[in-house]
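Each chain, written out:
Number of protein chains: 2
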Amino acid sequence: MTRPWTPARLERLFTPRSVALVGASERSNWARMIVGGLARTGFPGRVELVNGRGGEVFGRPAVARLADIAEPVDAAYVMVAAKHVLGALTEGRDAGIRNFVVLTSGFAEAGADGKDAQAQLSQLAMKDDLAVIGPNTMGFINVTDGIALMQSSLPGLPLAGDVGLVTQSGALAGATVNYCQPQRIGLSKVIALGNEAVIGVADAIDYLVSDPHTRAIAVMMEAIREPAAFIEASGRALDAGKPIVALKAGRTEAGARVAAAHTGAMAEDDRVIDAVFRQLGVIRVPSLEELITTAFLLARAGRPLAGNRLAALGISGGACNVIADRAQDEGLRVEPFNSQTIESLRPLVSEYGAINNPLDVTGAAVNQPDLFASIIRAVTSNADADVVLVQQDLPSANSGGSERFNKVLRAAAESDRVPVVVVGALPQSVPPDDDRLSADGSERVVLGGMDRAITALGRAAWWSQRHDRGPRRLPRDTRRVPVTVPDHAPGEIWGEERSRELLAPAGFPLVPATFAATLDDALAAAQRHGFPVALKAAVPAVAHKTDIGGVELGVGSSEELRAAAKRMGEALTTAGHRPDGFLVSPMRPPGVELIAGIVRNPVWGLVLAVGFGGTWAEVLSDTSLRVLPVDAGDVRDMLSELRGASLLRAPRGLPPADIDAVAQAVLTLASLAESLPDDLESIEVNPLWVRGHQVEGLDALVTWQSAETKEQHDSHH
Amino acid sequence: MTRPWTPARLERLFTPRSVALVGASERSNWARMIVGGLARTGFPGRVELVNGRGGEVFGRPAVARLADIAEPVDAAYVMVAAKHVLGALTEGRDAGIRNFVVLTSGFAEAGADGKDAQAQLSQLAMKDDLAVIGPNTMGFINVTDGIALMQSSLPGLPLAGDVGLVTQSGALAGATVNYCQPQRIGLSKVIALGNEAVIGVADAIDYLVSDPHTRAIAVMMEAIREPAAFIEASGRALDAGKPIVALKAGRTEAGARVAAAHTGAMAEDDRVIDAVFRQLGVIRVPSLEELITTAFLLARAGRPLAGNRLAALGISGGACNVIADRAQDEGLRVEPFNSQTIESLRPLVSEYGAINNPLDVTGAAVNQPDLFASIIRAVTSNADADVVLVQQDLPSANSGGSERFNKVLRAAAESDRVPVVVVGALPQSVPPDDDRLSADGSERVVLGGMDRAITALGRAAWWSQRHDRGPRRLPRDTRRVPVTVPDHAPGEIWGEERSRELLAPAGFPLVPATFAATLDDALAAAQRHGFPVALKAAVPAVAHKTDIGGVELGVGSSEELRAAAKRMGEALTTAGHRPDGFLVSPMRPPGVELIAGIVRNPVWGLVLAVGFGGTWAEVLSDTSLRVLPVDAGDVRDMLSELRGASLLRAPRGLPPADIDAVAQAVLTLASLAESLPDDLESIEVNPLWVRGHQVEGLDALVTWQSAETKEQHDSHH
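Heads up: the protein sequence lines correspond to chains A and B, in order. Position one of the first sequence corresponds to residue 1 (this note's numbering), numbered consecutively onward. Position one of the second sequence corresponds to residue 718 (this note's numbering), numbered consecutively onward.
These are computed hints drawn from the structure, not numbers from a lab. Quick reminder that beta carbons are idealized off the backbone N, C-alpha and C, glycines included. There could be a bad hint or two in this list.
To be verified - Per the computed footprint, the stretches of chain B lying under chain A, defined by three or more beta-carbons under 8 Å from a beta-carbon of chain A, are:
| no. | segment |
| --- | --- |
| 1 | 892 to 899 |
| 2 | 1000 to 1006 |
| 3 | 1024 to 1036 |
| 4 | 1039 to 1049 |
| 5 | 1411 to 1424 |
To be verified - Sample of chain B residues facing chain A (criterion: CB under 10 Å; computed from the structure):
| no. | residue |
| --- | --- |
| 6 | Ser742 |
| 7 | Glu743 |
| 8 | Asn746 |
| 9 | Ser822 |
| 10 | Ser870 |
| 11 | Gly887 |
| 12 | Ser927 |
| 13 | Met938 |
| 14 | Ala966 |
| 15 | Asn1084 |
| 16 | Pro1086 |
| 17 | Leu1088 |
| 18 | Pro1112 |
| 19 | Ser1113 |
| 20 | Glu1335 |
Claimed, not checked - Facing chain A, according to a computed beta carbon distance under 7 Å, are these residues of chain B, among others:
| no. | residue |
| --- | --- |
| 21 | Ser886 |
| 22 | Ala888 |
| 23 | Leu889 |
| 24 | Glu939 |
| 25 | Ala940 |
| 26 | Glu1391 |
From just these sequences and the hints, can you work out the full model?
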């Protein structure tokens, strides 16, 4: 579905030249703040006050109704009580107004009646092309164009820059704007979306992707209300080279859980969101500080980092040690300087100083700004680094800089080879530097504290690598396989024998297995396969045959097979099962045992889990997740993310696992899952046995959605 | 050894009423800053300037030598060139001065000559009772008494409070002080120790433990130069209920590595420091921000937290979600409110609001400070919580507070039941509140950002629990066992048979094993033990018999034993070994396989590692470390820290492991190690087989230090 809220359409919403404030009453704190804010920030256009009783408000004439405004305004900010909101929008529409911010709360967040009211609001907006932000929101600040339709405690506009901020929470938008100011983190647009009745996060991202003043996008979300749109918008952002940094809160809230036989336990919602973000190249952060620091750093760097190699220098040996520790924590490489760098530094550093990376420039450089600058130039010109970090004392915010600070900044600005980040040891206000935020694309970044800066650098390196791989393939690229689906009832569980009928024709490699209706058939089959064999009960609807005594492994002879079949028969009878017969398979020599499973997630669709089998893996839940579709590179990534990854590369006493063959098998499973009807709940191969180039599923399980589950899932779409 | 630098002695160093500045030259930036700083901070006593050429300096008369001062001063601040430092100290001593700060660098940090000079300085100081801070340091600020013998960029003294700060790095001391000021984090003493030639970290900690103005101690270290003293001082701090928070930098620097056969790989230095800190109740943090935030929070809470239950309320739903997420990350429990709390809140919250923990107080409370205060009181009076977090917008630092802020603080201050922490959503300056840092022991804490505050709360809860368990037992409590040590050569490796001779008499439970010199003896032994058996080659000096074909497990009959012995003989011959014979042991049924090993660390002494055996454990290095001595509780803690801990509680198809029996075996091993001579390098039992109440070592290895290693180790002590 094409979304109506194109960037061009939203540009009209975010650049009003005239506004009406509906509900402008002197008794309303909100009205006072918005009116005051427009005046303080110097809104240049017409401001119409609308108050039910007309008269004079805040010392200015007010009209009683939107219809009374002589000429339509570009946007209306609506603060009336919930029950009057729909009327205000209708009236505005009739008066030719097409853009609205609705501050009023009491909609979808406030029970069934509120939900209904919000649905009406959405319908009206879609029908008549009304671009509405909210309800239950604070509005927006278009910093680039100096338009503040949002309450703020700042004395004026936020500092203009190239970070676009999107939140669902109005309060946190305000707090974040306040945080940016003393650190001189510049913003392009601040958009608080509230309940997203009409315009959602994906629309805002699309707008910022096309906004030439935005170079990085920071998103604070509590809910992802439109997953498909979010996926598409993220892809466009990655295409455009504009990083999205996201704080997705509510991680510990139990979201909709996948109810699947076994793999289900692996696919908890928040881990799925982690996986989705990783696939989309969205940088996930746990705090607002990291949200804004990471976005700022990437915006100012202006381009992806070429790699993860950090060169650092600092005015304190202690700080240099902390930098080395933290950089390693964040996946950055801090390698010794190359000989060229060492040679160029040798004449510059004190006789006592060792030339390490990070480099302690010692007190000598602190007191000689030109020397400090020369050291920076020696490193930026020569080091094999993808980013350079310079730690120094920042002058106080009120001091207007210092000679050293300015010389350091100038040396940093000269670096064309590599971005330079200047940091203080601890968070602090950053002094102004007039040209730092200028439009020349300067790559200097100044940040108060080295700790958050290094975390942000680690994330920037991750994003850069992800960006270079290009955006995630979208669902249209799905590889489907022709598949004949046998009849199945809702909620049905398919054991090994029926699951094999689905997997084998799709080309999934399976261990040979012979169905044997009688003991004699089983004996014959075992002889054909060659002892030892695995003897399993054919019990169609049982997920875990082992638990009911339905599996006997390593059966070594005809005698043993008779004994095993007898034990199995007794155990199954005790458990109340009547098997159709047996499955007989050859035993495989020791190998690495993996699990590959796909579960339908109500929000994100089919989710693939790959991990290690066995007790340890269960204890550690050592699995990696991805939303389908995936390609071979994704599967290789998944395998390399496992904590036990080295068990694949160099298994004890076994040949290294053929990763490509594993990936091929997993992709076959994925294609099959995508080709099956929507009531597939889960499909799982466990164990997936790997020994060198040999890859075989040793058991499989398929489950179909129950009628109730299907209904719940469908209601999400 | 009793340390001479008792708190009483250091009190004289840190409270000088008169000072001399030696090297007070106008060409010296340092001199200018110190002289200016003393004036700016209003040092009330006599300040003598000493300049080699006498005359007038900074507009005041200077003397040429310390000897020329008419009356001795309490302390001298020495800034002369390195080669003149010793002379200055001698001269000062002769003039009756007993306390010194030595700013000058070029000592131990600057090569062999510097090391020699520093050794002379140390000797002089010890001989003549000269309390010296440095060299290569910035000095100290006694904030409590208003004495600043340290360069600072603050306009005056730091804010007085109850956090004592100790660093080795002078530059980071200054940066940290600057960080504290806008957040109104008060300090008692700031002590930058530099090279610790005379007064070390442990002395400073002891001083702060006995300082009534200090309630929490923040330590920034790059090296722990005196481990034994640090252990003792940490114990005294825990006894006194004064938390130590430590940033130990240089984690990634390869420290001295333990060279031990197998366990060695487990015991990397930084993991040992982690273990030591955990044992000592020292809170380890990775950043300066967390160092200071955690110390401040614990100082202001004024007492250990009773547990880890958090009740939270905030003015933003988004913030409440972030708080819930982050609290769980940090090991805090956020449980639903009890019914009493819900009843008391019901009349206070808006009709739409759900009564959750964290509680979104919504815009209603934001605009009604009294309502907000009532909500806080309802929670603090009723909730089952060990700490309460209140998130709200903090007024700007210049505003002098706000009505809401002050009412919130007052409500927080009234809480006797539970400490209350007030936070803004993001880091920011904190407005002044005159009585907040008063001496009334008020428990209010205000912090700019909720993210660091929650991290600090998690650490505070950990420390509180550790504190309640009491300090670590010191070495004098070591349980020793009588042991006869057979002769051994330096560097010798003892295989299973000799190691058993050490372990068995000490009471360590071992699987039975019979030495058999011939195949016939082995057959007889196997019959006695009962088949199946384990057959191992008796090769005294081989660490890993399996690697050379010297182990055959599950040998089921006399025939199999003959075949196994033949294979083994051939394999060993190929590998160039001539075994003395065989060890024959009964096979054990499946159980959980652990490893218990002890390795001598050059810095910390004997380090115990307990973990899981097998391939997975190796891949994950799932081991827990402690420095000896330990008690049964420590070993239980170690086992519960393992990622695979649930494999002990509920092993697949096995009875739960008898943790007390495991702990007893590990303690026996520990006692044995402590009773052996100092050239023991490592002693390891692997696997340590556990099945329910049965605990048995199935193999063991002892190594003795080579002559070189012993020499290196001894040089540390």
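Here's how the hints hold up against the structure:
1. 892 to 899: Per the Cβ count (5), the hint holds.
2. 1000 to 1006: Holds: 4 residues of the segment 1000 to 1006 of chain B have a Cβ under 8 Å from chain A.
3. 1024 to 1036: With 5 residues in contact (Cβ-Cβ under 8 Å with chain A), the coverage given for the segment 1024 to 1036 of chain B holds.
4. 1039 to 1049: n = 6 at 8 Å, threshold three: holds.
5. 1411 to 1424: With 0 residues close enough to chain A, the hint is violated.
6. Ser742: Not OK, violated: B:Ser742 not within 10 Å of chain A, min 14 Å.
7. Glu743: 15 Å, violated
8. Asn746: Because about 6 Å separates B:Asn746 from the closest Cβ in chain A, which is inside the 10 Å limit, the hint holds.
9. Ser822: 7 Å, holds
10. Ser870: 7 Å, holds
11. Gly887: The hint holds - B:Gly887 has a Cβ within 10 Å of chain A, the shortest such distance being about 8 Å.
12. Ser927: 26 Å, violated
13. Met938: 9 Å, holds
14. Ala966: 4 Å, holds
15. Asn1084: 6 Å, holds
16. Pro1086: Given a least distance of 13 Å, the restraint on B:Pro1086 is violated.
17. Leu1088: Cβ of B:Leu1088 sits 14 Å from chain A, so the hint is violated.
18. Pro1112: 9 Å, holds
19. Ser1113: Status holds, d = 7 Å.
20. Glu1335: At 9 Å from the nearest chain A Cβ, B:Glu1335 passes the 10 Å test, so the hint holds.
21. Ser886: Status holds, d = 3 Å.
22. Ala888: Constraint on B:Ala888 satisfied, holds at 3 Å.
23. Leu889: 4 Å, holds
24. Glu939: Constraint on B:Glu939 satisfied, holds at 5 Å.
25. Ala940: 10 Å, violated
26. Glu1391: For B:Glu1391, the interface hint is violated, since the closest Cβ of chain A sits about 32 Å away, which is over 7 Å.
Hint check: violations occur at hints 5, 6, 7, 12, 16, 17, 25, 26; the rest are consistent with the structure.
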